[in-house]
Amino acid sequence: AQSVTQLGSHVSVSEGALVLLRCNYSSSVPPYLFWYVQYPNQGLQLLLKYTSAATLVKGINGFEAEFKKSETSFHLTKPSAHMSDAAEYFCAVSDKSGGSYIPTFGRGTSLIVHP
Amino acid sequence: EAGVTQFPSHSVIEKGQTVTLRCDPISGHDNLYWYRRVMGKEIKFLLHFVKESKQDESGMPNNRFLAERTGGTYSTLKVQPAELEDSGVYFCASSQTGLHTEAFFGQGTRLTVV
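Those protein sequence lines, which keep their order, are chains A and B. Residues in the first sequence are numbered from 4 upward in steps of one, following my numbering. Residues in the second sequence are numbered from 53 upward in steps of one, following my numbering.
Hints were generated in silico from the structure; no laboratory data involved. Any given hint could be a false lead.
[As the list claims (entries may be wrong)] Here are the simulated DSSO-like pairs of lysine-lysine, each with C-alpha atoms no more than 27 Å apart in a straight line:
(1) Lys72/A x Lys93/B
(2) Lys67/B x Lys93/B
(3) Lys67/B x Lys103/B
(4) Lys130/B x Lys96/B
(5) Lys106/B x Lys93/B
(6) Lys61/A x Lys71/A
(7) Lys96/B x Lys72/A
(8) Lys96/B x Lys106/B
(9) Lys67/B x Lys96/B
(10) Lys130/B x Lys67/B
(11) Lys71/A x Lys67/B
(12) Lys130/B x Lys71/A
[Stated by the list, open to error] Not the full set, but computed from the structure, chain B residues with beta-carbon under 7 Å of chain A:
(13) His62
(14) Ser63
(15) Ile95
(16) Phe97
(17) Glu154
(18) Phe157
(19) Gly158
It should be emphasised that the depicted structure is a prediction, and the values quoted were computed from it without experimental measurement. Backbone N, C-alpha and C define an ideal beta-carbon position, used for all residues, glycine too.
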């Protein structure tokens, strides 16, 4: 069975500081990994995805994530936070356990950016 | 191109009443998913349609929940009778056929059962 753990329900950073949102996964087979973002009053939007190509994945809005198999991690980073990055971020894992590729989500991390 | 749309955006109902949520996927997307998020918790999978067929409904909480996708286009999720613990945000997503294609999400329906 697949699962995702997101450490920290809230992360607070200053504008211009490094953003680091943590995600660890559990999967019985090589996983596919995703980060989604939800801005206030909007639906979930895909930030980036890892599908067994390059381990460092670049996404939209300057975000990137690195797949580390030895650590079973897929942490999301951004060098410099903007006020507009304030949102909720969800890590998700997808594998074919059970016969279908249905993403399993973590609990989400709220990113707070203060001036 | 229109994205995934969900109706209504908010619904407040009393315990014991019936509510029907609707999802219109992106045109041409065979896969349709329903998820639910209870406040502060993870987004949990409910079920997956491929066209009009239920591919996986292992996440449906109990038999008070009924999902349909007649004709393989829009889908409805009915809760009857609603209980307090059914409150949460219900998300719908759709995707094209293919390996790990992106799932596009709607804005969600916030259901409050009082």
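Hint check:
Taken as a hint, the Lys72/A and Lys93/B pair is honoured in the structure, with Cα atoms around 26 Å apart against an allowance of 27 Å. Pair hint Lys67/B plus Lys93/B holds up; C-alpha atoms about 22 Å apart against a cutoff of 27 Å. The straight-line distance between the Cα atoms of Lys67/B and Lys103/B is roughly 32 Å, outside the 27 Å bound, and the hint therefore fails. About 17 Å separates the Cα atoms of Lys130/B and Lys96/B, which keeps this hinted pair within 27 Å; it holds.
For the proposed pair Lys106/B and Lys93/B, the alpha carbon gap of about 25 Å is at most 27 Å, so the pair holds. As the CA atoms of Lys61/A and Lys71/A are separated by approximately 15 Å, the hinted pair is consistent with the 27 Å bound. Pair hint Lys96/B plus Lys72/A holds up; C-alpha atoms about 25 Å apart against a cutoff of 27 Å. For the given pair, Lys96/B sits about 17 Å from Lys106/B by alpha-carbon distance, which is consistent with the 27 Å threshold.
Proximity of Lys67/B to Lys96/B is assessed by CA-CA distance (about 22 Å); at most 27 Å being required, the pair is judged to hold. A distance of roughly 14 Å separates the Cα atoms of Lys130/B and Lys67/B; the hinted pair therefore holds under the 27 Å criterion. A C-alpha spacing of about 46 Å is found between Lys71/A and Lys67/B, which places the hinted pair above 27 Å, so the restraint is violated. Between Lys130/B and Lys71/A the CA atoms are separated by roughly 41 Å; this puts the pair beyond 27 Å, and the hint is violated.
Residue-level restraint check for His62/B is violated (minimum Cβ-Cβ distance to chain A is 11 Å; threshold 7 Å). Because the beta carbon of Ser63/B sits about 16 Å from the nearest beta carbon in chain A, more than 7 Å, this interface hint is broken. A distance limit of 7 Å between C-beta atoms decides the matter here; for Ile95/B the minimum to chain A is near 4 Å, and the interface restraint holds. Contact between Phe97/B and chain A, as hinted, is supported at the beta carbon level, the nearest pair being about 6 Å apart and thus within 7 Å.
Annotation: interface hint on Glu154/B holds; nearest CB of chain A at approximately 5 Å, less than 7 Å. Look at Phe157/B: its Cβ gets to within about 4 Å of chain A, closer than 7 Å, so that hint holds up. Among the interface hints, the one on Gly158/B holds; its C-beta lies about 5 Å from the nearest C-beta in chain A, closer than the 7 Å criterion.
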